[in-house]
Amino acid sequence: MNINLEVEVVNQESSALVSLTGEIDAYTAPKLKDALLPLTKREGYLVEVNLDKVTYMDSTGLGVFVGALKSTKEHNSQLKLVQLQDRVLRLFEITGLDSIITIDSTVRGGN
Amino acid sequence: MDTLKLDLENYRELLKQYIETQDESSLYQVEQFSKMSMQQKISPEEIVNAHIHALRKLYPELPAEVNTSFDFLLESMISYGLAYQEFQALREKQLELKSEISVAASMQQTLLSTVRPQVKGLDIGAVSVPANQMNGDYYHFVTDKNETLGIAIADVIGKGIPAALAMSMIKYSMDSFPESQRNPSSILGNLNRVVERNVDPSMFVTMFYGLYNPSREVFEYSSAGHEPGFYYNASIDKFEEIKTKGLLLGVTNDATYDQFEIKINNNDMIILLTDGVTECRIGDRFIEREEVLSVIKQYTHLPAQEAVEQVYKHFERLQDFQLRDDFTLIIIRKEV
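Protein chains in written order, with the working numbering: chain A, 1 to 111; chain B, 1 to 336.
It should be emphasised that the hints constitute simulated quantities derived from the structure, not laboratory data.
Quantities reported herein were computed from a predicted structural model and do not represent experimental measurements.
Nothing false has been slipped in among the hints.
Taking beta-carbon pairs under 10 angstroms as the criterion, some of the chain B residues facing chain A (in silico):
#, residue
1, 155
2, 206
3, 250
Partial list, computed: chain A residues near chain B (C-beta under 10 angstroms):
#, residue
4, 60
5, 63
6, 70
7, 95
8, 96
Don't be surprised by glycine CBs; every beta carbon is placed ideally from N, CA and C.
Please work from the sequences and hints to get the whole structure.
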């Protein structure tokens, strides 16, 4: 079982692309948080997170994204999630977070 | 003092034996000696001291420089001794904390405990199994003099003590709402503000609140980001997902919660659960929601309490089954 999470960050001038591979749970969430939060603290920055290769996420993962969202509001930056697998997308839908976090899953990853 | 003295002699003998023969067995024995010393809280510098005394006794003719250097060595060991003492104290403290936490956990259990109410015309079953020591799931039944039944089912995101404390707060806030505001939509709206104001931003709560009104035979409900339950319509023998929409408690302070209602006829069922049920795994595979529903279907002919217990046992029996999250399942059936 793959219980790791790889976090790859590509920084550009006014944005960052964060690509995630693996699972987001209580064990890997701190790693995601450490990578994501500092990016959201950059004024005017767009942080785009690609979840194409995230096969599993639990509620701890949601916590990280909510924390990141709050931070974007404080620092006038933006958070956008793209390419969510159905299982992960469903979690955002059930919890109503899809109404407050920008999610673009038009190009969706396979399950 | 007597045992220590005895140990000193013992140490000297071991040392002598080792110096003369260099055999493994005296090394083993000195290891035992050091373990025993630790049990008796003998500090590192005392062992060094024992060594020095043994050497002086065995070799009275040691060069003066070597003899003097021992004092130097002893002095340098003192900090280690202090660190060791501190370690001992911390270890005791940790045991104390551990027992305090377990007292707190059981107190929490008592505070949050709820009884399955006997409500005329309803058959109610509930099971809640924590994945770890403390349960982050919570369910609660409230009845009032009009025989309406309120049901709260919640999951705190964030585990351990803070989550358990948040649960208490939620329970007591709910208890304090006036009866006029006991409809699901305003309960969740009010709780949302309580959670948003009082709980750490990294922690939030999903909750489903339902209110069964026996005179109107309707089930009113609202959901704050909670895993959808199922409604069984007996007249057409069909299960369907309970449709809801609403944000998790504690994310924004202005969230509002739509209220829905279902007409409940004889033999209809309301099935509520937490995501621990749909997040369980068998080996490397998730149990799909449809699969969960099909398991539930297998047992719904039983009395409600028996049914929920059988569903849990069913999953538990599966090979490589692992509970990643707390598991809570409630079934309510309207009896003829």
